[in-house]
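Chemist: Note that the protein sequences, when read in sequence, are chains A and B. For what it's worth, the working numbering labels the leading residue of the first sequence as 27, then goes sequentially. For what it's worth, the working numbering labels the leading residue of the second sequence as 729, then goes sequentially.
No lab work stands behind these hints, which were simulated from the structure alone. There are no misleading hints in this set.
The list that follows gives simulated cross-link-like pairs (lysine-lysine, DSS-like), each with its CA atoms no further than 30 Å apart:
| no. | chain 1 | residue 1 | chain 2 | residue 2 |
| --- | --- | --- | --- | --- |
| 1 | B | Lys745 | A | Lys92 |
| 2 | A | Lys362 | A | Lys223 |
| 3 | B | Lys781 | B | Lys825 |
| 4 | A | Lys41 | B | Lys752 |
| 5 | B | Lys854 | A | Lys186 |
| 6 | A | Lys173 | A | Lys190 |
Listed next, with one range per pair, are the computed distances between beta-carbon atoms:
| no. | chain 1 | residue 1 | chain 2 | residue 2 | range |
| --- | --- | --- | --- | --- | --- |
| 7 | A | Ile179 | B | Gln818 | 21 to 29 Å |
| 8 | A | Asn347 | B | Thr749 | 52 to 60 Å |
| 9 | B | Pro747 | A | Leu132 | 18 to 26 Å |
| 10 | B | Thr749 | A | Arg230 | 46 to 54 Å |
| 11 | A | Lys120 | B | Gly748 | 18 to 26 Å |
| 12 | B | Gly748 | A | Glu147 | 39 to 47 Å |
| 13 | B | Asn827 | A | Leu132 | 35 to 43 Å |
| 14 | A | Lys120 | B | Ala735 | 36 to 44 Å |
Just so it is clear, CB atoms sit at the ideal spot from N, CA and C, and this is done for glycine as well.
Listed below are the residues making up each chain.
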Amino acid sequence: MRINRLKLTNFRNHKETEVHFAPHLNLITGANGSGKTNLIDAIHYLCMSRSFVATSDRYVANHDEKYFMVDGDFTGEIRSSFKVSCSYSRGEGKKIFVNDSPLERLSDLIGMVPIVVLSPEDLALTSEGPSERRSFLDSMISQISPKYLRDLIDYRRIRKQRNKLLQEFRGPLQTLRSYLEPWDLQLVETGARLIHKRAEVLERFKTYLALQYRTISGLDLKPSLVYQTITDATDSIDKISERYNEELDKNFEKEVDREQTIIGPHRDEVVFYLGDMELRNYGSQGQHRLFSMALKMAQLFYYSDELDDLPIMLLDDVFGNLDQQKTDIITETLTKHTGQTFITSASERPFTISQFDGNSSNSWFDVHNGTVTNKY
Amino acid sequence: MQITSEALERAIEELAKLPGTGRKSAQRIAIHLLKQSDERVINLADALVHLKKSVQRCSTCGTITDSDPCTICSNAKRDNGVVCVVEEFQDVYIIEKTNEFRGRYHVLGGVISPLENIGPDDVRIKELLERIGGDEEHITEIILALNPDAEGEATSYYINKLLLNYEVNVTRIAYGIPMGTELEFIDEATLSRAFASRTSF
Ligand SMILES: [Zn+2]
Numbered sequence: 027m028r029i030n031r032l033k034l035t036n037f038r039n040h041k042e043t044e045v046h047f048a049p050h051l052n053l054i055t056g057a058n059g060s061g062k063t064n065l066i067d068a069i070h071y072l073c074m075s076r077s078f079v080a081t082s083d084r085y086v087a088n089h090d091e092k093y094f095m096v097d098g099d100f101t102g103e104i105r106s107s108f109k110v111s112c113s114y115s116r117g118e119g120k121k122i123f124v125n126d127s128p129l130e131r132l133s134d135l136i137g138m139v140p141i142v143v144l145s146p147e148d149l150a151l152t153s154e155g156p157s158e159r160r161s162f163l164d165s166m167i168s169q170i171s172p173k174y175l176r177d178l179i180d181y182r183r184i185r186k187q188r189n190k191l192l193q194e195f196r197g198p199l200q201t202l203r204s205y206l207e208p209w210d211l212q213l214v215e216t217g218a219r220l221i222h223k224r225a226e227v228l229e230r231f232k233t234y235l236a237l238q239y240r241t242i243s244g245l246d247l248k249p250s251l252v253y254q255t256i257t258d259a260t261d262s263i264d265k266i267s268e269r270y271n272e273e274l275d276k277n278f279e280k281e282v283d284r285e286q287t288i289i290g291p292h293r294d295e296v297v298f299y300l301g302d303m304e305l306r307n308y309g310s311q312g313q314h315r316l317f318s319m320a321l322k323m324a325q326l327f328y329y330s331d332e333l334d335d336l337p338i339m340l341l342d343d344v345f346g347n348l349d350q351q352k353t354d355i356i357t358e359t360l361t362k363h364t365g366q367t368f369i370t371s372a373s374e375r376p377f378t379i380s381q382f383d384g385n386s387s388n389s390w391f392d393v394h395n396g397t398v399t400n401k402y
Numbered sequence: 729m730q731i732t733s734e735a736l737e738r739a740i741e742e743l744a745k746l747p748g749t750g751r752k753s754a755q756r757i758a759i760h761l762l763k764q765s766d767e768r769v770i771n772l773a774d775a776l777v778h779l780k781k782s783v784q785r786c787s788t789c790g791t792i793t794d795s796d797p798c799t800i801c802s803n804a805k806r807d808n809g810v811v812c813v814v815e816e817f818q819d820v821y822i823i824e825k826t827n828e829f830r831g832r833y834h835v836l837g838g839v840i841s842p843l844e845n846i847g848p849d850d851v852r853i854k855e856l857l858e859r860i861g862g863d864e865e866h867i868t869e870i871i872l873a874l875n876p877d878a879e880g881e882a883t884s885y886y887i888n889k890l891l892l893n894y895e896v897n898v899t900r901i902a903y904g905i906p907m908g909t910e911l912e913f914i915d916e917a918t919l920s921r922a923f924a925s926r927t928s929f
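Excised from the complex, chain B in its bound form:
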């Protein structure tokens, strides 16, 4: 094969590095872009550069934001007594989409995992304690919403233990059965966990 455009080849290579994009779809996207107007392609490129340059972490909750503090932390209508602890900023997005939670967040930026050399000091636990102990917020409840895998559980246990020294109520989201899923399609392990954390009717 002879390459007639190094520029196209370079774009395909870069696109193929994106998650869920194989070489074939990278090729399709690159060719599609070539056919667009200059303006549209420049807009896309600009958005990508802007994404990396202007997005920062909120100094309070740790989620990604364009301005510090983020729109959630600076929203006076939100309950500043309840903080939901999540692993990563994408979890904030997911919970926000439900429109159910009106408190604030705390993004740990990871979970404890010795195998990946992540200890309690490498995630934002200290920052959480400072928020709880500080004067700016009046935190009365911490909701732990970490993944139910071994690392998420270990992190929840660790945080819960530390919070025994504080005047806060600690809760965790329940293990449940996905909505719209029929019982017979649920694996036994999930089902038995759901039973163990059943709630009164």
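Isolated chain A (complex conformation):
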């Protein structure tokens, strides 16, 4: 999948920008604050209906402006061309249109254009708490499985309903149990499917991870991951459901006491190892950086094998923190991705004009104060 044209209106520091991209490599250079990250963030917006930088939509609009708009033309390897536009205004919120017809649910957008982002913030993936890894996992699977995304949304809603009961119910525990039961049934049904899918994806994903880590680090330290959930992750859905029910039953009083749902995939953890060492607690800054890069590169190549349409790869400001050797390895690895790639960088290193000049597959843009110039 690739984006041929992108148009921004009031998107951060871009008042009005229209860019035509190259089908393979797009290099975007510019000083810090020039608006180069905003350009690829807009692409992310069209694929995932949200920014990978800002936490809230209202921070995305150009200051003083009450609305912003992004639209782009996409072409797939399999799917024919289509147009996605996303508008946001303070009064009406966010709206997404595909070929000019509105999407009923924002979540329907996810997966249409698979996308992978590698940015300096990825360090948090391996060094911070389990919720970072759960959201990485959820985002990775949601893009390849609409059913997983639907289950995820349903699961959150069911858990909220259940939590509200646990917080506010006053009366005999037996009545609480009968009130919880219809939610428990659904919690187990959707939750078991989430666990099963996570286990299935991680099982396949770990081969990609091992390969990418070894390539990037150049070391023989074997990376691995362990998926920790309420049961043995290799169980069948029925078996997971059975264990889930047992756990819910066993922890009923604890849940009443804590007034929240404490059993389920929202408490899952993925533990990363390098050899025998648990990465999160014992890894060095450098090991975290390489590992999180390997995770994203693994996601890229996992998608490429899994999906009919190749994913779009975004690399935001990644080379600034890397030495020449690692930079070379990353750019070398990226040549194996035949889909579209976007790289933002403050310096021109490690690229050369000859990669872009006279090459219709690659383009080089320079961004200055929200104005984009196509250099080559």
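Take the given structure of chain A and dock chain B with the ligand to it, following the hints.
Modeler: For chain B with the ligand alone, kept in the frame of chain A given last:
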């Protein structure tokens, strides 16, 4: 801007509160009404007042009606053994339009949702049990026709559990694929549900 008619302004404001009506269409409707004969406008106003004053809930099924019991509950030709449970009265309208269902209804008036402070006692479940246990009707089958979202499902589960204590057959409408929709346009989640609830040929 200077307003020359407070009355027009008030009508526009009220109309703009209606669903699907923005200020622009409210303005258009108000101006249109101004151009109509007195009689037509008074007729409309009267219908609106009448709507609110004479419409009540049927004491048996809970749907909206002008007279209690409603025309469905008092229709002797309808099967009093089968009751279709729906969330709101508009669902009765929708099912009636199909002309397929010849039984009676039970309108819950909502679904269980702790987040909105709606518990089993806040919807008409107790009334349903009274109908099933009572002598006036001879209910043998309950069809659950609630929305397939989390709240609708929870309510269906809850009712089904209670009905285990009664001599009734409980069924639910199947999850399906909208007619006239081609398979490739159906989202994967709907399709997999339709597969799970497939019926024999
Ligand atoms: Zn009635």
